[in-house]
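Engineer: Heads up: the sequence lines are chains A and B, in that order.
Just so it is clear: in the first sequence, position 102 is 131 by the numbering used here, and no numbers are missing.
Just so it is clear: in the second sequence, position 264 is 268 by the numbering used here, and no numbers are missing.
These are computed hints drawn from the structure, not numbers from a lab.
Don't take each hint at face value.
Which stretches of chain B does chain A cover? Using the computed rule of at least three CB atoms under 8 Å from a CB of chain A, they are [said to hold, decoys possible]:
#1 41-53
#2 112-118
#3 153-162
#4 177-183
#5 187-194
#6 226-239
#7 244-255
Have a look at the derived ranges for each label pair, beta carbon to beta carbon [what the hints assert, rightly or not]:
#8 Asp88(A) / Gly261(B): 55 to 63 Å
#9 Arg117(A) / Arg143(B): 24 to 32 Å
#10 Pro195(B) / Arg57(A): 18 to 26 Å
#11 Asp230(B) / His46(A): 52 to 60 Å
#12 Gly261(B) / Ala392(A): 28 to 36 Å
#13 Tyr220(B) / Pro268(A): 49 to 57 Å
We put the beta carbon where it would ideally sit given N, CA and C, even for glycine.
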Amino acid sequence: MAYVAVKGGEAAISAAHSWLAEARRGARDVPALELAQIKEQLSRAVDRVMAEGALYDRDLAALAIAQAQGDLIEAAFLLRAYRTTLPRLIDTDPVDTGAMLISRRVSAIFKDLPGGQRLGPTTDYTHRLLDFSLETAGAAPAPVPAAAVESIEKMPRVTDLLGAESLIENDPSGDETPRDLTMEPVEHPAPRDVRLQGLARGDEGFLLALGYSTQRGYGQNHPFVGELRVGEVPVSIVPPELGFAIEIGDVMLTECQMVNQFGGSKTAPPQFTRGYGLCFGHADRKAMAMSLVDRAMRAAELGEDASAPAQSVEFVLSHCDNIEATGFVEHLKLPHHVDFQSELETIRAMRAEARETLKRAEALGALKRDETKRESETP
Amino acid sequence: MKGYNFAYLDEQTKRMIRRAILKAVAIPGHQIPFASREMPLPYGWGTGGIQVTSAIIGPDDVLKVIDQGADDTTNAVSIRGFFGRVAGVRTTTHTAEASVIQTRHRIPETLLRPDQILVYQVPQPEPLYKLEPSRAATRRRHALAEYGEMHVRLYEDITRFGRVATAYDHPVMVNQRYLMSPSPIPAFDNPKMHRMPALQLFGAGREKRIYAVPPYTDVRSLDFEDHPFHPGRAPHCCELCGSTTSYLDEIIIDDKGGKMFACSDTDYCESNRSDAA
Chain A
30 MAYVAVKGGE AAISAAHSWL AEARRGARDV PALELAQIKE QLSRAVDRVM AEGALYDRDL
90 AALAIAQAQG DLIEAAFLLR AYRTTLPRLI DTDPVDTGAM LISRRVSAIF KDLPGGQRLG
150 PTTDYTHRLL DFSLETAGAA PAPVPAAAVE SIEKMPRVTD LLGAESLIEN DPSGDETPRD
210 LTMEPVEHPA PRDVRLQGLA RGDEGFLLAL GYSTQRGYGQ NHPFVGELRV GEVPVSIVPP
270 ELGFAIEIGD VMLTECQMVN QFGGSKTAPP QFTRGYGLCF GHADRKAMAM SLVDRAMRAA
330 ELGEDASAPA QSVEFVLSHC DNIEATGFVE HLKLPHHVDF QSELETIRAM RAEARETLKR
390 AEALGALKRD ETKRESETP
Chain B
5 MKGYNFAYLD EQTKRMIRRA ILKAVAIPGH QIPFASREMP LPYGWGTGGI QVTSAIIGPD
65 DVLKVIDQGA DDTTNAVSIR GFFGRVAGVR TTTHTAEASV IQTRHRIPET LLRPDQILVY
125 QVPQPEPLYK LEPSRAATRR RHALAEYGEM HVRLYEDITR FGRVATAYDH PVMVNQRYLM
185 SPSPIPAFDN PKMHRMPALQ LFGAGREKRI YAVPPYTDVR SLDFEDHPFH PGRAPHCCEL
245 CGSTTSYLDE IIIDDKGGKM FACSDTDYCE SNRSDAA
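All chains, full assembly: derive it from the sequences and hints.
Structural biologist: Set out below in structure tokens:
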């Protein structure tokens with residue numbers, strides 16, 4: 030009987046999982062991908078999965094990418110679902126990006142600056158020509174010695190230089206503990222610490238599109254890249270039993286300080302304002318888009334007109350998480366036949382009523398035609 | 005399961021969820037924000053219901069999971085398997101045997117008892133979201149019990165279509181105070197919520213809300229005196245058990261317009277058939 034076709038979910042699920050494993054492995058005559066290869070050679074994918082998965086662990090990110098067949102949102106989801114089970118042992122001290130071991134540092138607002146510009150491993154000036162030499166796994170490229178970094182102290186953040194002249198708004202570090210959006214539900218309007226957390230793990234594509242929209246007039250924004258820096262920063266904790274900070278490792282971060290015009294207000298003189306982007310790994314696009322959206326969301330705080338999507342804190346934060354978004358969009362493929370059945374009955378009833386109305390109207394029309402006919406026939 | 009706490013969530017998280025549930029029970033129909041966790045199943049698959057079940061289930065509980073009324077739909081199978089794996093609890097397909105029933109889109113046909121808990125998976129806890137997308141604004145509406153817009157919407161349906169066009173997720177008024185989404189159950193199931201002896205808990209994972217209807221609480225579907233609420237079902241009887249009162253699935257059996265109607269509640273249908281045999 031046809032009804033039997035909807036049964037057997039258990040066997041179907043198990044068979045689907047076997048097929049998935051087979052598809053993941055691909056043709057057996059091709060060597061299986063090693064996680065180290067993903068970690069080393071697909072490092073931008075690893076960076077993205079760590080950022081959106083909100084967990085800094087290159088090995089686990091590589092595992093997630095392999096398990097997800099390279100589907101990066103699925104990989105980020107795997108990482109998140111693992112992260113949520115981990116105990117929170119301690120909070121680190123805030124990292125100091127000013128003390129970053131710089132691999133890349135560019136400023137668009139000064140030709141040169143203390144510490145200099147440093148391109149680093151960027152695709153910015155590559156010509157996007159497919160490199161067919163990569164088709165055959167060839168010899169490693171010849172090493173080129175990197176220019177020596179002057180001491181870190183000589184590479185101050187550009188915004189600190191502007192700040193010295195009070196040309197840019199002050200960004201004081203507060204003493205209050207930032208809220209944690211994974212441990213407390215977000216309430217709107219969300220404060221900036223929560224906003225930045227949401228953006229840091231938000232979907233790169235969504236933030237890119239929203240940041241782009243501000244450049245095209247949906248939310249006024251006159252941005253300059255004050256500085257974009259990529260590099261490793263040390264992470265420290267203060268164990269309560271020790272009472273002093275110890276370094277527990279380094280994380281690679283990308284930080285973008287976007288500098289924006291501001292006309293001033295009754296209480297503040299005209300000065301530049303900040304949009305801030307910070308994310309795991311080397312991710313210019315994500316950090317820059319984040320800084321545009323962060324600045325756009327400050328519209329209300331700065332007394333600007335706030336009517337564009339990127340300026341709505343609730344809109345941005347409610348939709349930037351791709352784990353939430355992909356879940357709800359994709360859940361539409363789950364069975365909905367009970368609801369659909371109720372819609373079917375409603376629409377059938379509405380159509381029957383519409384047909385009746387039409388029939389009555391036609392009958393009434395015919396009656397009227399007959400009457401007019403009779404009247405005209407009456408001498 | 006090795007490496008995981010009983011029922012997956014750690015005890016701190018369960019405590020946080022239980023606090024939200026207690027608040028929800030204390031204010032029937034009111035949405036309580038909670039720090040929803042990422043679950044190993046995607047948002048939209050029932051993460052809210054799963055978190056609620058995980059927070060309330062104990063080793064002696066017997067769990068039933070249904071989706072679209074059936075125990076054997078893929079997602080129900082998957083969630084039942086999840087709890088079998090991470091909690092090792094006894095599971096059942098029999099409504100009467102279960103102490104906790106997690107559901108998506110249906111209320112069982114069999115009347116529930118005071119010693120049972122019904123956990124709903126909720127995609128969209130905010131009943132006003134189609135009228136006002138900002139949750140900050142809808143919160144204010146709930147605080148002021150300002151629900152006129154919803155009545156206007158129903159009225160507009162009546163003027164345009166001669167009837168309320170909402171066939172599922174028909175909004176309900178709980179305890180004469182809060183407007184509540186009953187989750188996307190068919191309007192047919194709405195009356196079952198009214199003064200139900202069992203505790204009803206609602207979990208919305210992605211939207212991070214929990215709400216509840218305590219036992220024997222008034223739950224009225226929104227309607228008008230001259231246009232009373234109309235719970236609909238297909239005007240047929242079940243071809244498998246002959247029930248004329250249960251909610252029916254319409255199943256297409258060929259490409260020539262052939263179809264059959266059968267109970268959506270598979271356990272109800274099967275027990276009807278075994279009673280007849």
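Engineer: Now look at each hint and say whether the structure bears it out.
Structural biologist: Outcome of the hint check:
Here's how the segment 41-53 of chain B fares: 9 of its residues keep a CB closer than 8 Å to some CB of chain A, so the rule of at least three is met and the hint holds. Here's how the segment 112-118 of chain B fares: 0 of its residues keep a CB closer than 8 Å to some CB of chain A, so the rule of at least three is not met and the hint is violated. Under the rule that three or more residues need a Cβ within less than 8 Å of chain A, the assignment of the segment 153-162 of chain B is violated, with 0 such residues. With 0 residues having a beta carbon nearer than 8 Å to a beta carbon of chain A, the segment 177-183 of chain B misses the requirement of three or more and the stated coverage is violated.
Residue count for the segment 187-194 of chain B with a Cβ under 8 Å from a Cβ of chain A: 5. That meets the three needed, and the coverage hint holds. Counting residues of the segment 226-239 of chain B whose C-beta sits closer than 8 Å to any C-beta of chain A gives 3, which meets the bar of three, so the coverage hint holds. Taking a C-beta to C-beta cut-off of 8 Å, the segment 244-255 of chain B contributes 6 residues in contact with chain A, enough for the three needed, and the coverage statement holds. Taken as a hint, the range 55 to 63 Å holds for the pair Asp88(A) and Gly261(B), whose Cβ atoms sit roughly 57 Å apart.
A hinted range of 24 to 32 Å holds for the C-beta pair Arg117(A) and Arg143(B), which are about 29 Å apart. In this structure the hint that Pro195(B) and Arg57(A) lie 18 to 26 Å apart at CB is violated, the actual value being about 58 Å. Our hint of 52 to 60 Å for Asp230(B) and His46(A) holds, since their Cβ atoms are close to 54 Å apart. Judged by the Cβ atoms, the range 28 to 36 Å given for Gly261(B) and Ala392(A) holds: they are separated by roughly 29 Å.
The beta-carbon spacing between Tyr220(B) and Pro268(A), approximately 53 Å, falls within the hinted interval of 49 to 57 Å.
Hints 2, 3, 4, 10 from the earlier list are contradicted by this structure; the remaining hints agree with it.
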